[in-house]
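Chains as they are written, first to last, in the working numbering: chain Y, 1 to 578; chain S, 1 to 319.
Hints were generated in silico from the structure; no laboratory data involved.
Where hints are given, some of them may not hold.
[Claimed, not checked] With a cut-off of at most 25 Å between alpha-carbon atoms, the simulated SDA-like pairs for lysine to any residue come out as follows:
| no. | chain 1 | residue 1 | chain 2 | residue 2 |
| --- | --- | --- | --- | --- |
| 1 | Y | K330 | Y | R461 |
| 2 | Y | K236 | S | R246 |
| 3 | Y | K236 | S | R188 |
| 4 | Y | K236 | S | Q187 |
[To be verified] Selected chain S positions facing chain Y (Cβ under 8 Å, derived; list incomplete):
| no. | residue |
| --- | --- |
| 5 | T35 |
| 6 | A41 |
| 7 | V43 |
| 8 | P58 |
| 9 | E277 |
| 10 | L290 |
| 11 | A291 |
| 12 | T293 |
Just so you know, these numbers come straight off a predicted model, no measurement behind them.
No residue lacks a Cβ here, since even glycine has one placed at the ideal position from N, Cα and C.
So you can see what is in the structure, the chains are spelled out below.
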Amino acid sequence: MKQLFRGFVVSLSALILTFCSTSPDATTSLVVRIRWASDPDNLDPLVVSNSSASEVANLTYCSLLKASEADNDFVPWLAEAMPIVQWADDSLLLVSYRLRPEATWDNGSPVLARDVAFTLKVMNCPGLPTEMDQAMFGFIRDIRLDPTDARRFTLVCVGQSPDHVRSSGDFSILPEYVLDPEGQLRSIALPALRQTSRPVPAVVVAFARRYQALELNKHPERLPGCGPYRISDWQKGRYLTLARKTRWWADTLSSPPPVLQAFPDQLTYQIIPDAATATLALRRGEIDLYSLMPAAEFVRLQQSAADQQRLRFSATDSYEFLAASFDVRKSILRDALTRRALSQLFDVAALVQATQQGAAVPSVGLISPRVKAYYHDSLPLLRFDPTTAVSLLQQAGWQRRGAGPWTRPNAQGQPEQLRLDLSYRTGEPAYETAARQFSAAARAVGVAVNLRPTEQSVLSRQLRAGATDMSIRTFSGNPFSYDFTPLLHSRGIGASNNTGFSLPASDELIDRIATTDDPARKARLLRQFQLLLHQERPFTVLYFLRYRLAAAARLRVPVTGLKPGYEAARIRVEVPQL
Amino acid sequence: MRPQHAKRPFSIRRLLAGGWLLLLAGAAVLAPSETIIPDLAHVSQPPFGVGHWLGTDPQGLDIWQALLQGTRTLALVSVPATLLTLLIGAGLGSAAGFLRNSGWQPTWRSLLTGLLVGLAALAQGPRLTPASGGLLVVTVGSWLLLGRFGFSRRRVALPVDTLVLGLMSLLESVPLLILVLAAAAVQRPSLGGLVLLLSLSCWTTPARLMRAVTLQVSAQPYLEAARAAGIPAARLLAAHIWPNTRHILLVRFPLTVALLIGLETTLSFLGVGLPPEVSSWGQLLATIRLAPTAWWLVAWPGLALVSTILSLHTLGRTK
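In isolation and in its complexed conformation, chain S is listed as follows (with noise of 0.2 Å):
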């Protein structure tokens, strides 16, 4: 006999997992947009009283307002941070997965132009704007230029499993706060930037879920019939494969989000995360050290932070 919870699909816990989340959204969106006026008449003032029910810091911010803020600052950063996460997640993975070492088998005409394009556009960083003609002239230049040589038409098979797994081993072989710490400690990131810094540093965790639950839908007899039958690579993931591993994508994604609120609460805490001027959780934990006495600025964004991660757990778990 199966327990009675496990019938019901919406748990009590479930429930306030998700009614919190929805406030928490709520809240992005009502959340005031003007810069909140520092009222130094009334620096570290508790909880309760007259003009901010949930006291301020010391140096005169209204905690109930910078909490709105913070909100919004972690939907804005977590969830496309998320999402960006569980694309290049889901992208290398199932590449992975789906091609192992000997699936791709390019022309070394396209792979070298390919190596070409991506190291001048590395080389040009964050100069690179779509307008920019430099990108089109070395794709055109090496494509015609590789054209010359006889081996250039010849396939090679790309190793893109060995490739992925050794870019995830590089990646885990370094602790993830270290990781993140030493990028965001180089030049404090821009909100976009501290979106991409997690993403490039959080999706090797998808990427295995999506490698392994590729490798074995690949395995099944009717994706073997497929081939044999000659439909095309990019149908057998867009209609054979992906349906049954995106399941995984709508697991990780809550656990992801609460990952990187995590680790973007952690980086504004320790003052390497976003600006100052932009309202953080962790920045207002962070301001306890200038009033250790104050316990509101530990409970108010404590409290706040342990309720979401919560409920992103509970909701992943019971996914």
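Excised from the complex, chain Y in its bound form (with noise of 0.2 Å):
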């Protein structure tokens, strides 16, 4: 009996010391679930194409900068200073950047310039999907390796503008021990992989069958980068988990710089693209932040007792902007008298007033009316005008007999009915309302609108392919950096550039805007784009829009005007004040 009773007390210590070794691990590991509206899609590096894959990428990769609305610029990030610039000749940009010694992989090698050599190879190389990183970063035509130093490189660029040398370090760096680990790439020069009218040598065809055989898009943590997190889960449609590394090299570091701060242990994205829905799981406690909150719903829940006892509410303006965007390669949207005359059927101050509950800020472009040095104030805001809208289509060789549709000749010809398609992300109040004020009040002008409120990822894929004549959507940016080649240059289009709105005029400027060092003259230029884009409208900027953001009350949520609302890496528990 007193064996018996021995081995109970021994037991039964040896269960309280093990909850007593694990209960400070349980109490101080800090995991934060995020809803998000849509699924990240495709997590391939090279292919980021919504926010939440761009989110994504900045946890599990670093670039060489970063964006930080608190600097109100590029602060270094991988690189361990900002760079230095040399200007060679007239054309050509010389950025020299030296990486950070403590960055290293997760196998403990350390991240080099021939990491960032491998990365610019990849970007450029034949048999990817490359489309988009061309688009953006082409204006890097080489990258020039300091033989005494592993770690410093400088990146050729053509143009002179500042614009470029903050653009050249923002890319994910990526690993080129698990991709190329025998260095076959190394003996390909980036000038060679661009020359399209050269035949691909057989180790660069061999390389992009190899990274297309790792499917990353389905895939993604087969390419572990140099960021805090690593992805631990990912069920499509449902969820995301990002873990945070043990031991990141970061860690070293005795005082990090916020950007090299990550707390949070693990991060896990819950998709919920049903505002509503998020909104319930954010009460029940099923989710720990949700940001880009509808506004009714975020009054609601500053006024209800229950919830500002449970929940910590932030709002900041923002550089996103709702739009309505068209796409002008449709024979009906070819000419702009007619996007001018569609623009005026969106009624925007009521629109502000009944999503946003008056806290979004109409603007004549994409320029926020925040950055006044570059904003054209002498612009006129969209106005809602149906009187204005017929009288246009009129002028656009649009007719209408009686209550009938609108008809014009096409290029052929033909006869052509102004019937539209307009598709929006479903389960966002903001776009439906949009769409439904926009198509009453065509309809009321004899204008016909199909509504195809679509799933996010649907409508990412509609989108490149050209498959709806108009679209509501957002488009973010930042104050920092002003170079619209994705969004509206020729060169963008098939990649970036949705609304394949390309003229040789708008071109021209988007090149000059980008290479332009003097602020008065960049002013002068983005004031000349603005006006252009006022008179072309291959989109609408409806607002833009204020950034809602509510978390459970124990956390400190870091909030940003930049895309997403909010940093991650960088929440934290809230220390009771004693």
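Hints are included, so try docking the two chains, each in its own frame, into the full complex.
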């Protein structure tokens, strides 16, 4: 009996000790569950096609520089310091970086200049989906490695814009040791890869085949980056989990800068497309953070005593705008007059009041009114005016008999009807309301509109394929860089220029804006560009959004005006004030 | 002694039910046909306010006007879909009950021609128009080609009953809502498409009933006598079977309408039914997710829906 009792005591003690030893871990482990409206869809680092994918890329990979709203500029991330810039002759820019000596890959090997060179080669590799990278980073023509320092290199860029200096450091660095362990691409120079007229070397073809075989779009975990997190689980359309690396290279820094801080042990992104369901999940405590919350819900929760106790609310102005985008390649939308007529049917003031509780800023174009130096304040704001819309349609050659549809001859001389498909992401009240308001106003003047609420990934595919006439969606940017090449340049068509818009004049302006150093000249060019877009209307900016964010009260969430509105890696548990 | 209310052909309940349905019919006819302009200055406005006596939804749509337009949509979907459902059900059910497994003995030639034409029509799918000559070519071609073979003149007993029962079992093995949802999710249906989808998925119950009652009527001695007298099958069906079986369709009519209204509303509520620009009660109900505290978004369409389905069931039961 005594032995039995002793055994019981020993077991109980062991049990207590076990609980005692595990409890500190349980309390210090920080798991943050964040709502996403849409799945990343594709996590191949070469194809970052939506904001969810971009957020994952920023947590699993590092780039040389990173945009920081607090600093109002880009700041060094993987780079040791901001680059040294030299102007070579009239058209070249030499941007020299040195990588942080602490930076290492997951296998312990250092991140070196040859990894940057390798990344640039991948971004220009024939046979890989590099259209977007080439549109955004095509100005980087070559890389020169420093023979005396394995971490130092110089990027040779065309143009002499300060924007190119910042953009030159804004791509995720990929590990050569994973993708090309034998260093076969080292013998191929970057300019050689860019020459499309020459036959592709067998080594490059073999590399492209190996890269495609990895199926990174489905298995991103096969390509670990040097960021603080790794993808531990991904169920498409349901959730994605990022786990903090137990030994991340920046942990060795005594006082890491904000860009190198990563506090949560686990970030779980729950994909909840419907806004109301997401609010319910937040109130039930099933998620901890809900960004871009609809205004009405945000106000309602703020006024609820119970929610005030359990949630913390933040709001900030953003650089993201809601716009009605036209596919200018469609015959009915080929002329600016029709696009301007249709734009007159958006009642922006009423939409701001109804969907944003008045807390959004209408704009004449894609520059935020907050950026006073570059905003074209002489242009008139969009006014809801169906009469002008009818007049513009008539000027565009459309004719209407009685209450019938608007028609005009197309390029082949056949009559075509003004009938539009309007796509938008389903489950988002602001989009739905704008679409309905436009549809009702358009029908009132005889323009038939078919509303197409669509799931995000399907919508992205439709936009890329040019399968929709009009769409209502958001575009985001930052106040430090004004390179519109991916969005509106002819080089972006087929990649990220989904409107299909390009004119020689707009291409030239985009190039000049990107290569201009002088702020006064840049302001003048940006105003010209806004005027051109105001006349041509490849898309119509409705308003700049205000980011609204609700989070569990225990969390301290750094809020930012840059997408996604928060810094996930820097979320911490609120320490109670004694 | 029979209860007193059974003697009265028009009970209060039936009167109310009939009155409500008449009101709905009137609303469907009088509903405004122009698009409702959202009143963005009064979104989620409670009922009995100025200008919107039943309130507005979170997108500023007037609930009263949306209900009226929804009534018209309901009528345009549920009544044609019910007629088509009963037509398919009655046709297949009667054929199965009357012909059984040996009552129809076509030649191989006509059977195979029919099969080939059916396959061609399926392959042509939505491109099929009455003007297209493809089907005519297939019909004439296969008829002439099959005529060359000796076996084509032989007759074969077609197991109509087994085939129809098998088709019904197949359809009923999948829950109705899942079947309709899956089909609607593939491609958002138009008004006509929704009518077709609902009819093609809901015909099994009337078909089963028609088959059962046709079997019952077919076994009557006077029909045996008529068959023995050599009266053709078509005349037997038209003059002797259908007059004794059609009451089933009359009883099923309101119940089928109720079922289809429920299905259409569910589809619209889930966002896979009619396009957003077509008003429907289900869409109106679904707006509650945008404004969970706006009780009127559930109350009015919910009340209308419950009243309609109850009325139809009342009429269906007391027929």
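Quick rundown of the hints versus the structure:
Only pairs whose Cα atoms come within 25 Å are accepted, and K330 (chain Y) paired with R461 (chain Y) is accepted, the gap being roughly 17 Å. A C-alpha spacing of about 52 Å is found between K236 (chain Y) and R246 (chain S), which places the hinted pair above 25 Å, so the restraint is violated. In summary, the hint linking K236 (chain Y) to R188 (chain S) is supported, as the alpha carbons are separated by about 23 Å, within the 25 Å threshold. For the given pair, K236 (chain Y) sits about 22 Å from Q187 (chain S) by alpha-carbon distance, which is consistent with the 25 Å threshold.
Below 8 Å, beta-carbon pairs count as interface contacts, and T35 (chain S) has one with chain Y at about 4 Å; its hint therefore holds. Checking A41 (chain S) against chain Y by beta carbon gives a least distance of about 6 Å; that is within 8 Å, so the hint holds. At its closest, the beta carbon of V43 (chain S) sits 5 Å from a beta carbon of chain Y; the interface hint therefore holds under the 8 Å criterion. For P58 (chain S), the shortest C-beta to C-beta distance to chain Y is roughly 6 Å, which falls under 8 Å, so the interface hint holds.
The closest approach between the C-beta of E277 (chain S) and any C-beta of chain Y is roughly 5 Å, which is under the 8 Å cut-off, so the hint is satisfied. Below 8 Å, beta-carbon pairs count as interface contacts, and L290 (chain S) has one with chain Y at about 5 Å; its hint therefore holds. Restraint check, A291 (chain S) versus chain Y: the minimum CB separation of about 7 Å is within 8 Å; hint holds. Because the beta carbon of T293 (chain S) sits about 7 Å from the nearest beta carbon in chain Y, less than 8 Å, this interface hint is met.
Comparing the model with each numbered hint stated earlier shows that hint 2 is the single one that does not hold.
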